[in-house]
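Participant: Heads up: the protein sequence lines correspond to chains A and B, in order. Okay, so the first sequence: first residue is 59 according to the working numbering, each after it adds one. Okay, so the second sequence: first residue is 3 according to the working numbering, each after it adds one.
Warning: the hint list may mix true and false statements.
Cβ-to-Cβ under 8 Å is the rule here; a few derived chain B residues that face chain A [unchecked claim]:
no.: 1; residue: V72
no.: 2; residue: A73
no.: 3; residue: V76
no.: 4; residue: G77
no.: 5; residue: V84
no.: 6; residue: T158
no.: 7; residue: L183
no.: 8; residue: V186
no.: 9; residue: I190
no.: 10; residue: M194
no.: 11; residue: P199
no.: 12; residue: M200
no.: 13; residue: F202
Here are the in silico distance ranges between beta carbons for each label pair [said to hold, decoys possible]:
no.: 14; chain 1: A; residue 1: G89; chain 2: B; residue 2: L45; range: 19 to 27 Å
no.: 15; chain 1: A; residue 1: L75; chain 2: B; residue 2: G124; range: 48 to 56 Å
no.: 16; chain 1: A; residue 1: T76; chain 2: B; residue 2: G68; range: 37 to 45 Å
no.: 17; chain 1: A; residue 1: G72; chain 2: B; residue 2: L178; range: 27 to 35 Å
no.: 18; chain 1: B; residue 1: T170; chain 2: A; residue 2: S85; range: 14 to 22 Å
no.: 19; chain 1: A; residue 1: G64; chain 2: B; residue 2: K161; range: 48 to 56 Å
no.: 20; chain 1: B; residue 1: G95; chain 2: A; residue 2: S85; range: 38 to 46 Å
To be clear, the hints were calculated from the coordinates, so they are not data collected in a lab. Bear in mind that the values here come from a model prediction, so they are computed numbers and not experimental data. For each residue, glycine too, the CB sits at the ideal point set by N, CA and C.
Letter by letter, the chains look like this.
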Amino acid sequence: MRNTFGYVILWLMGIPLTTLLLIWVVSVLVGR
Amino acid sequence: MISRVENEAFSPPEECWRAWPVSWSGVWVGALTALAGLVIVGLIAVAVGAHLVGPSTRILSWSEFGMLAVAFSVGGAFFSFVAAGWVAARVAGIRRAEPAMLHGSIAWLVAIPLLLAVTALGGRSVLGPWYGGLAGTPEWVKAPAPKAAAVPDDETAKKEAEDAARATRNPALGALTALLLGLVGSVIGGWMASGEPMHFAHYYARAETTTPRSTVLQP
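Construct all of the structure, not just a fragment, from the sequences and the given hints.
Facilitator: The structure is reproduced here in structure tokens:
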């Protein structure tokens with residue numbers, strides 16, 4: 059069973075974008 | 003014909019060790035790939051002006067650290083180690099997800115002391131300010147400690163002490179984030195290189211089709 063391209067993109071884009079979102083949310087909450 | 007049911011009650015204790023082989027060639031090439039990726043992304047970030055370079059690259063306040071710099075730091079830390087994990091598992095030739103992920107994470111383990119050495123030798127200006135938290139001062143260039151500790155007696159000295167505390171804490175947070183992102187990336191890279199589907203349903207299905215622990219042996 060071969061790997062599917064969609065899941066690869068999902069993992070590769072999801073983790074950094076989620077991290078950036080978390081950092082942004084924390085920076086807004088902390089306020090600096 | 004003798005048939006024997008081997009289950010938990012009858013299986014002998016594991017006297018022999020079952021080693022998990024490690025391909026050190028793949029691991030080393032993967033670790034070097036991570037370093038090369040970090041240097042390339044770091045240099046691009048400096049070239050486009052995302053990272054500040056100069057005599058003082060300390061992160062005193064996160065408000066000075068723009069979102070572009072954060073994006074480069076996160077992307078560089080993650081994708082460099084994705085490449086590392088991918089290369090490690092591909093060079094090792096692993097076609098199963100678990101040992102491939104293990105090799106990715108071992109490449110990350112090998113890259114950490116390399117990163118410590120590189121940042122101690124001044125690699126922070128190339129790798130980016132997040133990795134500045136890994137930079138210690140080499141023993142051979144340390145100044146001797148003063149006999150009496152300086153007491154912050156005025157406002158300037160107090161502000162200097164607060165700046166020093168922030169300049170220690172903020173890069174440590176950045177380096178921690180970068181290293182953990184690298185670990186996630188190396189595992190994802192190894193998983194990707196194994197060629198097995200990257201969704202969990204596949205592994206539940208695989209566990210059902212592979213031989214269960216309780217099997218009937220027919221010699």
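Participant: Now tell me, hint by hint, if it's right for this structure.
Facilitator: These are the hints, each one checked on the structure:
With a cut of 8 Å, the hint placing B/V72 at the interface with chain A holds, because the nearest CB-to-CB distance is about 6 Å. At a threshold of 8 Å, the smallest CB-CB gap from B/A73 to chain A is about 6 Å, leaving the interface hint in force. Annotation: B/V76 was flagged as interfacial toward chain A, and the flag holds, the nearest CB pair being 5 Å apart, inside 8 Å. A distance limit of 8 Å between C-beta atoms decides the matter here; for B/G77 the minimum to chain A is near 6 Å, and the interface restraint holds.
A hinted interface residue such as B/V84 counts as satisfied when its beta carbon comes closer than 8 Å to some beta carbon of chain A; here the least separation is about 7 Å, so the hint holds. Proximity of B/T158 to chain A is violated relative to the hint, the smallest CB-CB distance being about 23 Å (cut-off 8 Å). A cut of 8 Å between beta carbons decides the hint on B/L183: the least distance to chain A is about 6 Å, and the hint holds. Hint on B/V186 holds. Least Cβ distance to chain A is approximately 6 Å, under the 8 Å limit.
Hint on B/I190 holds. Least Cβ distance to chain A is approximately 5 Å, under the 8 Å limit. At its closest, the beta carbon of B/M194 sits 6 Å from a beta carbon of chain A; the interface hint therefore holds under the 8 Å criterion. Taken as an interface hint, B/P199 checks out: its beta carbon lies about 5 Å from the nearest beta carbon of chain A, inside 8 Å. Taking 8 Å as the C-beta contact cut-off toward chain A, the hint placing B/M200 at the interface holds, the least distance being around 4 Å.
With a cut of 8 Å, the hint placing B/F202 at the interface with chain A is violated, because the nearest CB-to-CB distance is about 10 Å. Evaluation of the 19 to 27 Å hint for A/G89 and B/L45 yields a failure: the beta carbon distance comes to about 33 Å. For A/L75 and B/G124, the hinted distance range of 48 to 56 Å is not satisfied, since their beta carbons lie about 32 Å from each other. For A/T76 and B/G68, the hinted distance range of 37 to 45 Å is not satisfied, since their beta carbons lie about 20 Å from each other.
Checked against the given bound of 27 to 35 Å, the beta carbons of A/G72 and B/L178, roughly 21 Å apart, lie outside it. At roughly 20 Å, the beta-carbon separation of B/T170 and A/S85 lies within the given 14 to 22 Å, and the hint holds. At about 52 Å, the CB distance of A/G64 to B/K161 agrees with the hint of 48 to 56 Å. Against the hinted window of 38 to 46 Å, the Cβ-Cβ separation of B/G95 and A/S85 comes to about 43 Å, which satisfies the hint.
Checked against the numbered hints above, the structure breaks hints 6, 13, 14, 15, 16 and 17 and satisfies the rest.
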